[in-house]
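Quick mapping for you: the protein sequence lines, in order, are chains X and P. Here the first sequence stands for residues 1 to 364, where the numbers follow the numbering used here. Here the second sequence stands for residues 1 to 364, where the numbers follow the numbering used here.
Each hint should be verified, as a subset may be incorrect.
[Stated by the list, open to error] Coverage of chain X stretches by chain P, computed from C-beta distances (three or more under 8 angstroms per stretch; other residues unrestricted):
1) 112-119
2) 152-161
3) 168-174
[Unchecked claim] Computed list of lysine-lysine pairs in BS3-like fashion (alpha-carbon distance at most 25 angstroms, straight line):
4) P:LYS26 with P:LYS5
5) P:LYS90 with X:LYS235
6) X:LYS233 with P:LYS5
7) P:LYS26 with X:LYS90
8) X:LYS90 with P:LYS235
9) P:LYS90 with X:LYS233
10) P:LYS149 with P:LYS26
11) P:LYS235 with X:LYS233
12) X:LYS233 with P:LYS233
13) X:LYS90 with P:LYS233
14) P:LYS30 with X:LYS235
15) X:LYS5 with P:LYS233
16) X:LYS343 with X:LYS235
17) X:LYS30 with P:LYS235
18) X:LYS30 with P:LYS233
19) X:LYS235 with X:LYS5
None of these hints come from the bench; they were simulated from the model. Glycine included, every Cβ here is placed at the ideal spot set by N, Cα and C.
What follows is each chain in one-letter form.
Protein chains: 2
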Amino acid sequence: MKELKVELGERSYSIFIGKDLISSPKLFAKVIASSQVMIISNTTIASLYLENLLQTLAEFRPISYVIEDGETHKNLTVMNSIVTQLLENKFSRNCTLIALGGGVVGDITGFAAACYQRGVNYIQVPTTLLAQVDSSVGGKTAVNHALGKNMIGAFHQPQAVFSDSNVLTTLPERELSAGLAEVIKYGLIRDSEFFSWLEANMTGLTARDDESLQYAIERSCQNKALVVADDEKEKGQRALLNFGHTFAHAIETGLGYGSWLHGEAVGLGMLMAADLSYRSGWISENDLERVRNIVVIAGLPLMLPQELMNTNIRELMSVDKKAKDGELFLVLLNGIGNAVVTKDFDEKLLQLTLEEFSMMDGMS
Amino acid sequence: MKELKVELGERSYSIFIGKDLISSPKLFAKVIASSQVMIISNTTIASLYLENLLQTLAEFRPISYVIEDGETHKNLTVMNSIVTQLLENKFSRNCTLIALGGGVVGDITGFAAACYQRGVNYIQVPTTLLAQVDSSVGGKTAVNHALGKNMIGAFHQPQAVFSDSNVLTTLPERELSAGLAEVIKYGLIRDSEFFSWLEANMTGLTARDDESLQYAIERSCQNKALVVADDEKEKGQRALLNFGHTFAHAIETGLGYGSWLHGEAVGLGMLMAADLSYRSGWISENDLERVRNIVVIAGLPLMLPQELMNTNIRELMSVDKKAKDGELFLVLLNGIGNAVVTKDFDEKLLQLTLEEFSMMDGMS
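Chain X with its partners taken away, still in its complex shape (with noise of 0.2 angstroms):
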């Protein structure tokens, strides 16, 4: 098992990674200071996973709250219904949640342990790959308005997070590409010789080789970390970690949620960042060849779904949180492992971009 530290002075936490944690009583033990806790999951996840962690959690006499399974229910309902359960249980201050499924169960149960009685504990076990790689990691906690995604929420750090490799043997295979856009991430904006073992690993990580997984996600967090500790609250560099995200945010709304996974449209926003980075003369063709290169072997989608021939992406990337004051900044690359946010691109390269990218049906 490896442990790293997310280092936030008072609010700093550790990162736990390591196979079966999930069930080891005593790793929990450690970081729960209260008698009260709740975990949180979905359906999905709990009928895999929340009678394991009950037993773990034996000695704390865990209640347990399964949500719906989807994104659709990340929103302020389910929020106050949590808050609901918790009250009935007379749930106090010291009490810990824990969210045990991907980045929705995450992200709303950071978001009511933010805002419970103004702020409790909570702990991170992600159950899925981009969650144990991203979401669980930087306190970033949210739920959804009906005029926009995570428009509500918190900044909030957890007490621990706990990545179990062991639970990514049922993930579905969509899901674990959609972890690994998030992992070429971390290579591609700041970290070249994590982007070099990627090259050489991608088979064995979507083979899903149990060494090869734990240290990609061991090296991510401890990329995301650095950029969060630098950065807690989103006022400089922890915008590069929205590499991708402006073009991927245009295609998951053109689409409407969940019809292709965030990581999905991730993937092929780095690819097409890439290609504007490419296009403006910032990286070789070299370059731009790894990155797609990497996209395939990792069976993320290579072109924009069929659905969006006829929107206007560029218009859907105006409205992105990134854009201030109508101006749109892009997050770009500078070579391979190191990214830059830019409001200083050529808009007609930006439509060759998104026209090499519309020619055809997307899916790989």
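For chain X, the structure is supplied; the task is to place chain P on it using the hints.
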């Protein structure tokens, strides 16, 4: 005009106290960092002061959103509708919300600001004495849940507080008395000199003498600012600010919110806490009389309401947020100007106090 600084590191801000502040464009311009400004108010206050504030802020072309008046509207649904307004008007992370109203408007606006895109700026323009001396200072924000008051919230500090003494001229008499209860509280818990000043000036305060009111606001905010600066997240001495509040919450819960004003319940709660302190041998009979006298002059209730004759107040006290694992902690007096948090009180004496205030109809 007086300016008080609340010292909270990078979250420090100023409280401005004076006459006609809401007609001073320059004051607001100093603390508003962006061009997107939304004023949130309620129907009662909007009819009195919204036009005035809109004119003062004309250079920012602010928009406004008016919510229904009353504690029952401090909920997630109304908070969500504020977010809808923000999104429909394309408000970015750099926007500023302005709370123009009493505690309800301040709490819900502050919470919306805490959550919108994970945190935006807000300014408090409290229009009741209670909000000016208490809820607008310290960054506690919240909405109510059906099962409990202020159960969903955040600590989120404003950019500034503008306490305009002029708005107190239109404040209903009961609300003035309710605000004075919290003013008296500061004297009792940590500022005996201020308590003596209040004994000499309470008649002037109830007659709304502007100079006296400004001084009382300033001294109250000074006291609160010092407590908050020491203990922003309520882990220790900030609990002293809850003097009288465990009794008050029991009264409010028993009656249903809205029958008594919060400050009225606090006024009687302080007297009851003083009574228990006297019975416990911690303060003299003379001190208890001083507390009773000032509560009388402030126009606050002296007895529990008839409707609670058959209610078990002691039981209602146990569900207070300050109860930890079933144990009840109370804030009691160890002399005027010296409050302590304790669980070492005699249950029999508490019972005598409860009986003492249950003899007849309560409104003075």
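Exercise. Is LYS90 of chain X close enough to LYS233 of chain P, meaning Cα to Cα at most 25 angstroms?
Worked result: 21 angstroms, holds
Problem set entry | Distance restraint between LYS90 of chain P and LYS233 of chain X, which requires alpha-carbon spacing of 25 angstroms or less | 21 angstroms, holds
Problem set entry | Given hint LYS5 of chain X paired with LYS235 of chain X - CA-CA distance at most 25 angstroms | 22 angstroms, holds
Exercise. When you check the alpha-carbon spacing of LYS235 of chain P and LYS233 of chain X, does it fall within 25 angstroms?
Worked result: The given pair, whose Cα atoms are some 23 angstroms apart, holds under the 25 angstroms limit.
Exercise. Is the straight-line distance between the alpha-carbon of LYS26 of chain P and that of LYS90 of chain X 25 angstroms or less?
Worked result: 48 angstroms, violated
For this session: Given that the segment 152-161 of chain X was listed as covered by chain P, double-check it with a C-beta distance under 8 angstroms for 3 or more residues.
Result: holds (count 4)
Exercise. Holds or violated: LYS30 of chain X with LYS233 of chain P, Cα cutoff 25 angstroms?
Worked result: Roughly 24 angstroms between the alpha carbons, so the hint for LYS30 of chain X and LYS233 of chain P holds.
Exercise. Straight-line Cα separation of LYS90 of chain X and LYS235 of chain P no greater than 25 angstroms?
Worked result: Distance ~20 angstroms between LYS90 of chain X and LYS235 of chain P Cα, so the pair holds.
Exercise. Is LYS233 of chain X within 25 angstroms of LYS233 of chain P, Cα to Cα?
Worked result: Since the Cα atoms of LYS233 of chain X and LYS233 of chain P sit roughly 18 angstroms apart, the hinted pair holds (cutoff 25 angstroms).
For this session: For the pair we were handed, LYS30 of chain P and LYS235 of chain X, check the Cα-Cα distance against 25 angstroms.
Result: 22 angstroms, holds
For this session: Sort out whether LYS5 of chain P lies within 25 angstroms of LYS26 of chain P, counting only the CA atoms.
Result: Roughly 18 angstroms between the alpha carbons, so the hint for LYS26 of chain P and LYS5 of chain P holds.
For this session: Starting from LYS30 of chain X, check that the Cα of LYS235 of chain P is at most 25 angstroms away, please.
Result: Distance of about 22 angstroms is within 25 angstroms: holds.
Hints 3, 7 and 10 from the earlier list are contradicted by this structure; the remaining hints agree with it.
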